[in-house]
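Q: Next come the chains, spelled out residue by residue.
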Amino acid sequence: MEHPVLTMDGISKEFPGVKALSNVHFELYPGEVHALMGENGAGKSTLMKILSGVYPATEGVIRLKGKEVAFGSPLDAQKQGVSIIHQEFNLFSNLSAAENIFIDRPEMTGKLGRIRWSKLYDEAQRLVDSVGGGEIDVRREVRHLGVHSQQVIEIAKALSFQADVLIMDEPSAALPENEVQKMFDVVKRLKAQGVAIVYVSHRMKEIFEIADKVTVLRDGAKIDTRRIGEVTEQSLIQMMVGKEVNQLYPDRDQKPSEERVLEVRQLSLDASRAVSFELRKGEILGLFGVPGSGSHTIAERLFGLKRGTGDILVNGAAVRIRRPGDAKAKRIAYVPPDRHRQGIIKPMSIRQNLSLPLLPELSKGPLLDQKRIKQMSRDYMDKLRIKAPNDQQSVDFLSGGNQQKVVIGKWLAAHPEILILEEPTRGVDVGAKAEIYGIIHRLAQEGLSILLISSEMPEVIGLSDRILVLYKGELVHEFARGEADQEQLLSRASHPRATEGDSL
Amino acid sequence: MSMRTIGLSFKQNKLLVQLLLLLFILVLFSILSPYFLSVTNFMNVFNQMVEVGLIAIPMTMIVISGAMDLSVGSILGFSAVCMGIAFEHGLNIWASVLVALLAGLLCGAVNGYLIARHRMQAIVVTIGMLVMLRGLVYVLNQGRPISGYPDSFYFLGQQYIAGVPFNAIFLAAVFLLAHFVMKRTRFSTYVYGIGNNEEAVHYSGISVVRTRFILFLLSGLFSAMAGVFLVSRLASAEATSGTNIELDVLTATLIGGTHIFGGRGSLSGTFIGLLIIVFLRNGLNLLGVSVLYQAVILGALLLIAVGNKQFNRGLSR
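Each protein sequence line maps, in turn, to chains A and B.
Numbers 1 to 504, taken from our numbering, label the letters of the first sequence in order.
Numbers 1 to 317, taken from our numbering, label the letters of the second sequence in order.
These are calculated hints, taken from the structure and not from any lab test.
As the structure is a prediction and not an experimental result, all values here were calculated from the model.
Incorrect hints may have been included.
List time: in silico DSSO-like cross-link candidates among lysine-lysine, alpha-carbon distance up to 27 Å [unchecked claim]: (1) Lys183/B - Lys346/A; (2) Lys14/B - Lys346/A; (3) Lys19/A - Lys387/A; (4) Lys306/A - Lys472/A; (5) Lys67/A - Lys119/A; (6) Lys188/A - Lys213/A; (7) Lys183/B - Lys374/A; (8) Lys183/B - Lys364/A; (9) Lys371/A - Lys183/B.
Calculated Cβ distances over 12 Å to all of chain B for the following chain A residues [stated by the list, open to error]: (10) Ser130; (11) Glu141; (12) Asp369; (13) Pro389; (14) Ile439; (15) His477.
All C-beta atoms in this analysis are idealised placements derived from N, C-alpha and C, irrespective of residue type, glycine included.
With the sequences and hints as input, model every part of the structure.
A: Structure below.
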């Protein structure tokens with residue numbers, strides 16, 4: 001029996017307050033493509049970050065070719081034979097492909113730091129050829145190369161370190177459909193050269209096409225490792241999702257009214273895709289799709305962060321939304337997915353953050369009405385139970401959950417009619433999650449119409465009155481409340497044409 | 001945590017540290033020069049700080065918003081020369097002042113349009129304006145000074161009221177007003193917000209473009225005002241008026257504790273920074289230190305006052 005090239009044994013990882021991985025065992029053999037699957041937050045990326053040297057495990061041992069190793073940094077891991085190719089490429093677009101492959105490598109420089117150009121180009125071309133990129137001219141600047149070629153450069157760069165293990169994180173995410181096959185060819189070549197590949201992906205179809213084995217993680221624990229022939233799409237989803245957990249979510253039994261608050265007609269997402277849907281008063285409408293499906297773009301269009309064509313009707317009247325201010329004026333609010341960059345202003349106080357969108361109303365002429373601002377900020381701190389000594393505290397010092405409540409609060413204070421929530425509980429602990437769900441539910445009961453965009457399936461299922469499934473910029477399915485479980489939702493979102501029982 | 005508390009207490013005391021530095025300079029020169037500590041000398045200093053002081057007001061706001069305006073000196077010169085030419089062509093002197101202010105506003109509007117609306121780099125745009133406007137100034141008046149204004153006009157830059165220069169009183173009043181604006185208005189919240197996280201301000205439905213535009217408009221207007229005061233004080237509009245003034249303005253702003261990357265800073269700090277550099281210059285002049293050495297000393301002061309904070313941060317990283 002062959003020996004594994006890599007063994008991760010008893011890997012656990014704790015972050016302050018969270019156990020991200022517990023006692024995970026993972027084995028990888030030379031020349032195999034091993035898919036790693038799991039929902040968002042299952043621990044895939046934590047495991048891969050440990051393996052690629054981003055941070056160490058709290059507990060556990062990594063053995064590479066039988067020898068125990070410790071990686072101090074990603075570069076260290078690379079030198080020892082483990083490379084990772086991220087979803088977003090890390091290439092210098094103004095340098096040539098060859099320079100990117102051998103950046104900062106002493107063996108390519110001669111005396112006094114002179115670069116040995118001919119050796120650089122020869123070696124680079126050889127590496128690129130070995131993964132089937134013969135048509136790429138390594139002397140060209142990377143910005144002139146297509147996405148597939150850039151990926152090949154990334155792979156060549158990894159191979160230049162004599163990689164035994166190559167981690168590919170969502171390698172098809174950046175590729176157009178017709179180039180995915182080319183990427184598979186590269187993977188097959190690597191496989192033939194004996195490189196072990198960890199293939200992280202959400203896309204079922206690809207897993208069945210390229211992987212030899214699959215390991216499923218859920219809630220930081222390994223569920224199982226199976227040969228690909230032993231599983232079906234359905235059984236994989238079952239493994240990823242596990243048992244349904246519902247007590248986090250409030251009971252929503254009331255019927256939303258028929259009154260349409262928001263109608264969207266042929267709202268363009270890009271040059272060729274457009275969607276139409278409507279949102280009723282007091283409804284929580286879930287919008288689910290894998291990354292790149294266009295759900296984020298819908299939010300950006302509705303909030304005026306991106307322009308395009310199509311009609312938006314608020315309470316039956318067509319509106320023009322060209323910038324966030326227009327959306328705000330039409331009582332559309334948006335809690336964005338990245339609260340650090342888009343939601344809160346870091347060193348400023350809770351009060352300043354909460355009052356920001358509403359300042360024009362909380363002023364007398366140009367002057368701030370400090371009394372009303374204070375009143376408003378205290379109100380919303382109480383209402384949302386933001387935990388802090390007082391509202392003059394900087395939002396810097398708040399926990400993720402409380403920061404998120406500040407972002408929600410600043411928009412509630414503006415009395416919106418339509419609230420777009422995108423990833424409302426990202427990076428928030430379970431307790432705060434339940435609180436935020438309670439808030440969302442209560443708001444809907446009070447008549448607020450909510451568009452919930454989230455990549456967390458339990459959240460979408462647990463809260464939504466209806467769920468729209470988005471696949472590559474098209475609305476492919478609608479579920480009524482109680483109709484969808486996670487398996488169905490995921491299979492619609494990842495492989496929309498499949499019907500039950502007919503997996504590929 | 002302990003690093004944080006130290007940082008916080010330092011921040012609260014920052015103004016105190018700056019005041020101590022100012023006091024140190026005042027005491028030092030009082031000892032070193034018999035001419036330094038006198039009402040006449042102080043009033044003279046106040047009379048000469050107005051141009052830098054006026055421009056430092058919008059500059060502080062712009063730096064807080066995370067940008068910079070390097071074209072202020074050229075706008076000053078351009079406005080001054082526009083005023084001189086207008087006056088030469090027979091316009092009433094106060095109408096000519098209005099021409100200067102409009103010229104400044106126009107320059108500010110061009111800066112603002114390119115930087116706010118088209119998101120061009122502030123440094124690039126304002127360096128372009130710096131070079132272009134200075135060239136334009138020479139073209140406009142062929143390098144000759146324009147003088148011969150009516151006496152009533154010299155009131156602005158040369159008149160003393162109860163022993164205090166009028167322009168210094170004006171500067172103090174404008175500083176107070178601007179201080180109030182930066183403490184009490186919505187506009188100031190936007191300025192600080194943009195300096196800290198422009199994207200989050202945009203995502204709050206607030207027009208970043210408008211705020212930035214207004215800032216550069218103000219900068220143009222105040223530079224023109226400084227130009228008017230300078231011409232009144234020196235009785236002449238020259239092609240070189242305002243050359244290098246942006247360096248003094250920025251030095252005052254940065255010594256005053258405004259963070260070069262934006263988000264933090266205050267006009268009170270800038271005011272003290274301004275006093276520090278004008279008294280330092282004056283003291284060194286009285287001691288007969290050459291202008292060249294003065295530049296060395298000012299630069300070193302900037303490195304110590306601003307650099308040491310970032311130096312410490314670099315160490316603790």
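Q: Against this structure, judge whether each hint is valid.
A: Hint by hint, here is what the structure shows:
1. Lys183/B - Lys346/A: Roughly 19 Å separates the two Cα atoms, so the pair holds.
2. Lys14/B - Lys346/A: At roughly 21 Å apart (the allowed maximum being 27 Å), Lys346/A and Lys14/B satisfy the hint.
3. Lys19/A - Lys387/A: Holds - the C-alpha atoms of Lys387/A and Lys19/A are around 23 Å apart, at most 27 Å.
4. Lys306/A - Lys472/A: holds, 18 Å
5. Lys67/A - Lys119/A: At roughly 33 Å apart (the allowed maximum being 27 Å), Lys119/A and Lys67/A break the hint.
6. Lys188/A - Lys213/A: holds, 14 Å
7. Lys183/B - Lys374/A: At roughly 15 Å apart (the allowed maximum being 27 Å), Lys374/A and Lys183/B satisfy the hint.
8. Lys183/B - Lys364/A: Roughly 14 Å separates the two Cα atoms, so the pair holds.
9. Lys371/A - Lys183/B: holds, 15 Å
10. Ser130: Nearest chain B Cβ is 41 Å from Ser130/A, so the label holds.
11. Glu141: About 23 Å separates Glu141/A from the closest Cβ of chain B, which puts it past 12 Å; holds.
12. Asp369: violated, 10 Å
13. Pro389: Label holds. Min Cβ-Cβ 14 Å, cutoff 12 Å.
14. Ile439: holds, 19 Å
15. His477: holds, 30 Å
Hints 5 and 12 from the earlier list are contradicted by this structure; the remaining hints agree with it.
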